[in-house]
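Dock chains B and C against the given chain A, drawing on the hints supplied.
Each protein sequence line maps, in turn, to chains A, B and C.
Quick note: the first sequence uses my numbering, first residue 27, plus one each step.
Quick note: the second sequence uses my numbering, first residue 84, plus one each step.
Quick note: the third sequence uses my numbering, first residue 11, plus one each step.
These are calculated hints, taken from the structure and not from any lab test.
It is possible that some hints are incorrect.
What the hints assert, rightly or not - Taking beta-carbon pairs under 10 Å as the criterion, some of the chain C residues facing chain B (in silico):
(1) Pro388
(2) Lys491
(3) Ser492
(4) Lys493
(5) Leu495
(6) Ile496
As the list claims (entries may be wrong) - Restricting the straight-line Cα-Cα distance to at most 25 Å, the calculated cross-link-like pairs of lysine-lysine (BS3-like) are:
(7) B/Lys163 / C/Lys491
(8) A/Lys107 / B/Lys181
(9) A/Lys66 / B/Lys175
What the hints assert, rightly or not - To spell it out: a stretch of chain B is covered by chain A in this simulated footprint if at least three of its residues, at any positions, have a beta carbon under 8 Å from a beta carbon of chain A; those stretches are:
(10) 127-138
(11) 163-176
We treat Cβ as the ideally placed atom computed from N, Cα and C, and that holds for glycine.
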Amino acid sequence: MKLQDVDVAVIGGGPAGIAAAIKARETGAQNVVILERAEKMGGLLYQCIHNGFGLFYFNEDLTGPEYAHRFVEKAMDTGVKGLPETMVTGISPERQITAASKGEGYLTFRPASIVLAMGCREKSRGALGIPGTRPAGIFTAGTAQRFVNVEGFIPGKRIVILGSGDIGMIMARRLTLEGAEVAAVVEILPYIGGLIRNEVQCLHDFDIPLLLEHTITRIHGEQRIEAVTVARVDDGKRPIASTERRIECDTLLLSAGLIPENELSLMAGVKLDTVTGGPTVDETRQTSISGIFAGGNVVHVHDLVDNVSWESELAGESAARFAMGGKGAQGKIQLKAGRNIRYIVPQTISGQNKVTLYMRVNDLEEGVRLKIGNIMSKGLRVVKPSEMLKVELTPEQLEKLKEGTSEITVDCERRERK
Amino acid sequence: MATKEKLICVGCPMGCLVTLTISSNKEVAGITGNKCKQGEKYVLEEYLHPVRTLTATVLTQGSLQPLLSVKTTRPIPKTKSLPGAIALAGLKVRPPVKAGDVVISNLAGTGVDVVATGNLLS
Amino acid sequence: MSELKTEVLIIGGGVLGTAVARELSRYKVDATLIEKEVDFGWGSTKANMCIVCQGADHLEFRKEYHRSRLVWESMPLMEPMCQELEVPFNRVGELALFFNNSGKEKYEKMMARAESRGITTHQLLDRDSLRRLEPNIAREATGALYDPSIAITDPVRLTIALAGNARQNGVNVITGTEVQDIKAGAGGFEVKTSQGNISCEFVVNAAGMAVDKVAALVNADDFIVFPIRGYVAILDKKVSDLVSHEVHARPEAPGESNIITPTVYGNLFIGTPMKLARRGDDATNREMAVVALRNARRLIPDISEKDIINSFAGFLMFRNWELGWHECVVNTSSTVPRFVNVSIGFPGVSAAPATAREVVKLLSREGLELRENPGFNPYRKAITDFTNLTDEEKRKLIASDSRYGHVVCRCETVTEGEIVEAIKQGAATLDGVKFRTRAGMGRCQSGFCSSRVTGILARELGIPEEEITKKGGESRQLLYKSKELIGGRE
Numbered sequence: 027m028k029l030q031d032v033d034v035a036v037i038g039g040g041p042a043g044i045a046a047a048i049k050a051r052e053t054g055a056q057n058v059v060i061l062e063r064a065e066k067m068g069g070l071l072y073q074c075i076h077n078g079f080g081l082f083y084f085n086e087d088l089t090g091p092e093y094a095h096r097f098v099e100k101a102m103d104t105g106v107k108g109l110p111e112t113m114v115t116g117i118s119p120e121r122q123i124t125a126a127s128k129g130e131g132y133l134t135f136r137p138a139s140i141v142l143a144m145g146c147r148e149k150s151r152g153a154l155g156i157p158g159t160r161p162a163g164i165f166t167a168g169t170a171q172r173f174v175n176v177e178g179f180i181p182g183k184r185i186v187i188l189g190s191g192d193i194g195m196i197m198a199r200r201l202t203l204e205g206a207e208v209a210a211v212v213e214i215l216p217y218i219g220g221l222i223r224n225e226v227q228c229l230h231d232f233d234i235p236l237l238l239e240h241t242i243t244r245i246h247g248e249q250r251i252e253a254v255t256v257a258r259v260d261d262g263k264r265p266i267a268s269t270e271r272r273i274e275c276d277t278l279l280l281s282a283g284l285i286p287e288n289e290l291s292l293m294a295g296v297k298l299d300t301v302t303g304g305p306t307v308d309e310t311r312q313t314s315i316s317g318i319f320a321g322g323n324v325v326h327v328h329d330l331v332d333n334v335s336w337e338s339e340l341a342g343e344s345a346a347r348f349a350m351g352g353k354g355a356q357g358k359i360q361l362k363a364g365r366n367i368r369y370i371v372p373q374t375i376s377g378q379n380k381v382t383l384y385m386r387v388n389d390l391e392e393g394v395r396l397k398i399g400n401i402m403s404k405g406l407r408v409v410k411p412s413e414m415l416k417v418e419l420t421p422e423q424l425e426k427l428k429e430g431t432s433e434i435t436v437d438c439e440r441r442e443r444k
Numbered sequence: 084m085a086t087k088e089k090l091i092c093v094g095c096p097m098g099c100l101v102t103l104t105i106s107s108n109k110e111v112a113g114i115t116g117n118k119c120k121q122g123e124k125y126v127l128e129e130y131l132h133p134v135r136t137l138t139a140t141v142l143t144q145g146s147l148q149p150l151l152s153v154k155t156t157r158p159i160p161k162t163k164s165l166p167g168a169i170a171l172a173g174l175k176v177r178p179p180v181k182a183g184d185v186v187i188s189n190l191a192g193t194g195v196d197v198v199a200t201g202n203l204l205s
Numbered sequence: 011m012s013e014l015k016t017e018v019l020i021i022g023g024g025v026l027g028t029a030v031a032r033e034l035s036r037y038k039v040d041a042t043l044i045e046k047e048v049d050f051g052w053g054s055t056k057a058n059m060c061i062v063c064q065g066a067d068h069l070e071f072r073k074e075y076h077r078s079r080l081v082w083e084s085m086p087l088m089e090p091m092c093q094e095l096e097v098p099f100n101r102v103g104e105l106a107l108f109f110n111n112s113g114k115e116k117y118e119k120m121m122a123r124a125e126s127r128g129i130t131t132h133q134l135l136d137r138d139s140l141r142r143l144e145p146n147i148a149r150e151a152t153g154a155l156y157d158p159s160i161a162i163t164d165p166v167r168l169t170i171a172l173a174g175n176a177r178q179n180g181v182n183v184i185t186g187t188e189v190q191d192i193k194a195g196a197g198g199f200e201v202k203t204s205q206g207n208i209s210c211e212f213v214v215n216a217a218g219m220a221v222d223k224v225a226a227l228v229n230a231d232d233f234i235v236f237p238i239r240g241y242v243a244i245l246d247k248k249v250s251d252l253v254s255h256e257v258h259a260r261p262e263a264p265g266e267s268n269i270i271t272p273t274v275y276g277n278l279f280i281g282t283p284m285k286l287a288r289r290g291d292d293a294t295n296r297e298m299a300v301v302a303l304r305n306a307r308r309l310i311p312d313i314s315e316k317d318i319i320n321s322f323a324g325f326l327m328f329r330n331w332e333l334g335w336h337e338c339v340v341n342t343s344s345t346v347p348r349f350v351n352v353s354i355g356f357p358g359v360s361a362a363p364a365t366a367r368e369v370v371k372l373l374s375r376e377g378l379e380l381r382e383n384p385g386f387n388p389y390r391k392a393i394t395d396f397t398n399l400t401d402e403e404k405r406k407l408i409a410s411d412s413r414y415g416h417v418v419c420r421c422e423t424v425t426e427g428e429i430v431e432a433i434k435q436g437a438a439t440l441d442g443v444k445f446r447t448r449a450g451m452g453r454c455q456s457g458f459c460s461s462r463v464t465g466i467l468a469r470e471l472g473i474p475e476e477e478i479t480k481k482g483g484e485s486r487q488l489l490y491k492s493k494e495l496i497g498g499r500e
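One chain only, chain A, in its complex shape (with noise of 0.2 Å):
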């Protein structure tokens, strides 16, 4: 495949990237390229060893890595190029990308389309601002998780973790089974951050300590962690001095915070959602850029890589209509967060055809009503800002819209007790 053919280019090789190339093959995009950082395709999910993936996908429970070969394999099949050690340095608003890469050299070309799939980083200690001293010994979960499931290390014998998000929990039970003795998973809100099932399977499984409303407040130690302060937060999420304790360790992950990873679509001149932090997309996941589409956690982060690989084939058939010559969706209908949603995705759909729409509350509440403009409605028993939404709207309910309308507000309301 010559470079300056290529239709469709995604940007990343994990879970996201490959369904989308897949499918832009599917749909019949001729040469679908993807340019992958690390040393092979399938991203994260060679290290997330444990299972849960692709139940809704394929009806079964895998592993991470069983997952991500499924698709690994279904992408030769389809004949889609996968370029590894491949870092994509630039991308002009005109679509040019730059990229090196160790086996094919310095790379300028400009794809008919791109698929943005670069998924998301970690909040590091210094964007958390942990107070104390620097020493070795702090990690973030995800390339703690790197260390212990893939390069064979693991970073200490007495772990702190602070947020329950899933790495973080996760992370937990693959330390105490690896013989390290997680001391405390320190979360600041009154509920996890991750989804209910690793509370069970990892915490309350192990008898691990789940401090909630409480926050670390001070990091010990010159050369390697020594210990850690923690104490508990009070309505406005505060430290209360007189409840600081000092918990030792010799490890502390950090699993507070992952945020998508667009500092190539910053480069490209997308515009980007603030509360999501990914691009603004439409229902075929095309960004403000015509021709460059995105999907997949660099849009908003997903708790089941389930939805990452629906919601990128999306984008991968889109940019290859794109490539092949078609129209996007027409028209823009707004889609705005009411009360206690955090957002929408896609922010902006065209109400002719049916659209699934991924949702975020801002707080935890039982017994509401989510209401889709005058479209539809649904009663949930529970929501959690932890546990994305996924609402599908049928074109004969879309047909209830207006003649003309610009903005559909989705809100989750209190449902009346009677």
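Quick look at chains B and C alone, frame taken from chain A:
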């Protein structure tokens, strides 16, 4: 007198809160609250015999790849998770191994096999 | 090492010690530099705002003030030194804001005084001119004193380059060596270190945070210095367009500035005023970030907490305010001959070139014979900077060595080739690679690259990955191998 048991279904990351109705003769009479078919199966098992799929890594020998990811072919009793991990710690696998190959049978006396979830080619 | 004999022993591998070493290497002198950390510039040198020739020294300059004079003399030497050593040097210019007429008058007076002493680089800007230069400046600023000559650099890279160049030119440069005791005798000194004994005739004490303690070992501490600490927060490159000059506003007392400055790599630094603190207590806390942000927003309102990607505390040893704002310690000890103490306080980086020359003069006056070293080579090649190559140069480089096609640090675009160069240059720790290449300094703060850098270090140094440290000593990152804790390894 029927009683109700509330359990978090851990069949998938959704974590549905499922209610089991237990009849007076200790039989499970009803299950509600699950969002998918797998959920029913999972909650029954969790109530009667709590089990977990053990996923782990094993050391390799004669390969540049330091570890191979593995899993139990089916869930094992919850109480066997740690003993299972300890049993796996003593293994060393040599290439070639393909995903699905058995790396050890009858893990920690559970009667369950452990298979590779990735490849170890060289 | 165990036993070493040398003519001049330089204690301290920060910017001052290494500058002295390089200066000495212009002569046929048997010189040795020892540094207690495993790499250079890890004390005060690495924890500052990287500004060269700060305005305070210009505006208050008087040649009778020692430090002031050293900075003044260093000014024309700094840029050529950075060029010879291929270290970044960028004249961003400085804006000292004022917010009312009395502030303006104060600056006018200072500017006139500076001019009378020969400093003619300043211009007074009104509101409109200020805004043309910096559209995002706070609305409350009514004007500024502008000095286009102020520059920024990378002090750690400069220090590493100085040490490397000194070594190239014959100085024995040793890391991981800490002074434990010094005995003065008739002919010289016996210095006991953590790696063995050194006998020497002359000592240059440039031990930074320990300068007074080292001097005290041999009763050469005829000066008093205090530890003062400041806090610096690093802002994400994506907000770098907000300001392009070093901007500050000076309240009444010196050392109380609000300040924001670009860095040579495209980040922004904001900082807090420096205050007296317990020596070595470099822990940061939330209040520091709050103060730094509040102060910086007075200058550039559009920055926010979420732009912070990392922060650190910086220490330096300072002379008492009462002794004189512009004093420093660069002199032969009054009690111990042939023992030269070197402590600038701030701006240590800006004063380094002239201070090094002055120290050599002091040594000469103490009897050190200075014969020219005809083989002295002032030039030192820097590590390849992939990001600053043209597309064609990148192509050629990757074609000649595929390791330059392997980008390891995504955030800063640092390739495996550059990391290997850094290791060959002497980096043996994660921080050593970081300071030489920037790998790990980006917005993900080594989240992605640390496992790869650890692997490359282990491979190039031929040691197991679990022995790689963050910053030497006991700072290993990975304490155990897989299965070591759960049982299963032989």
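How the hints compare with the structure:
Taking 10 Å as the C-beta contact cut-off toward chain B, the hint placing C/Pro388 at the interface is violated, the least distance being around 45 Å. For C/Lys491, the suggested interface contact is upheld, since its CB lies about 9 Å from the closest CB of chain B, less than 10 Å. With its C-beta approaching chain B no nearer than about 6 Å, C/Ser492 sits inside the 10 Å limit, and its interface hint holds. This hint holds: C/Lys493 has a C-beta 4 Å from the nearest C-beta of chain B, less than the 10 Å allowed.
The interface hint given for C/Leu495 holds, since its Cβ lies 9 Å from the closest Cβ of chain B, which is under the 10 Å cut-off. The interface hint given for C/Ile496 holds, since its Cβ lies 4 Å from the closest Cβ of chain B, which is under the 10 Å cut-off. This hinted pair checks out: B/Lys163 and C/Lys491 have alpha carbons roughly 23 Å apart, not beyond 25 Å. A distance of roughly 23 Å separates the Cα atoms of A/Lys107 and B/Lys181; the hinted pair therefore holds under the 25 Å criterion.
Between A/Lys66 and B/Lys175, the direct Cα distance comes to roughly 24 Å. Compliance with the 25 Å bound is thereby established for this hinted pair. Counting residues of the region 127-138 of chain B whose beta-carbon sits less than 8 Å from any beta-carbon of chain A gives 4, enough to reach three: the coverage restraint holds. Beta-carbon proximity to chain A at under 8 Å applies to 4 residues in the region 163-176 of chain B; the threshold of 3 is reached and the given coverage holds.
Going through the hint list in order, the structure does not satisfy hint 1, though it satisfies all others.
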